[in-house]
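Novice: Sequence:
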Amino acid sequence: MNIRKIITILCALPLLALGLPAAAQTDLTCDDITFGYEMTSRFPRVGDACLGVVEVDGERFAKMSVEIVRTGNNRATFKFKLPDGSYGPTQSTDMDPSWRANINGRDYRVRELGPGQELNIYVPSDRWEAHVATNTTGYFAVYYPVAMEEDTGGGAALPSTASFMPMFGLLGGAALFSAFLMRVFRRV
43 MNIRKIITIL CALPLLALGL PAAAQTDLTC DDITFGYEMT SRFPRVGDAC LGVVEVDGER
103 FAKMSVEIVR TGNNRATFKF KLPDGSYGPT QSTDMDPSWR ANINGRDYRV RELGPGQELN
163 IYVPSDRWEA HVATNTTGYF AVYYPVAMEE DTGGGAALPS TASFMPMFGL LGGAALFSAF
223 LMRVFRRV
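Each position in the sequence shown, counted from 1, maps to that position plus 42 in this note's numbering.
Think of the hints as simulated: they come from the structure by calculation, not from any bench. Each hint should be verified, as a subset may be incorrect.
[To be verified] Simulated restraints on C-beta separations: (1) F210 x L70: 53 to 61 Å; (2) L218 x L124: 56 to 64 Å; (3) F219 x R148: 16 to 24 Å.
We put the CB at the ideal spot given by N, CA and C, even for glycine.
With the sequences and hints as input, model every part of the structure.
Specialist: Encoded structure:
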């Protein structure tokens, strides 16, 4: 053997050794996760809503997608998206007032979420708790089944038809009122 072949083989061996653990891992499917009583009592079709499974620190999470139907002050109404693209029955959850969803580095309250907004959540099999995949490698825990990953359509913003005209009206009214006060006090 010539020296180039030996060097090539020696360089390839560590790369092959690094690839073996990745090849040994099995891909998890929704059949690999069993949902507990707390989950199935609140949403009997929770297994049907599973879109995939991830494992973090030895705990398995079902990836699900929800569509926001409406939100109130501390209440979210949503539907689970099923793998065939249809939606399950409407679910409602009271949220803790301190609950926030971090989307692209900005915190959103429940009432700032919009109808029709689709969110990806990661739910453990044994309890109603969702975890959100953040931009970093960690997970952020909340204690309700609605949490989000990334917002694809902006957050709470003024509608495109909104303008600053009401503010100009208020400023004009304030200017007229101050002119009136100046006229009254000049006479005195």
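Novice: All hints are to be evaluated individually against the structure, with a verdict given for each.
Specialist: The hints, checked one at a time:
| no. | hint | verdict |
| --- | --- | --- |
| 1 | F210 x L70: 53 to 61 Å | holds, 58 Å |
| 2 | L218 x L124: 56 to 64 Å | holds, 60 Å |
| 3 | F219 x R148: 16 to 24 Å | violated, 37 Å |
Of the numbered hints stated above, the single one contradicted by the structure is hint 3.
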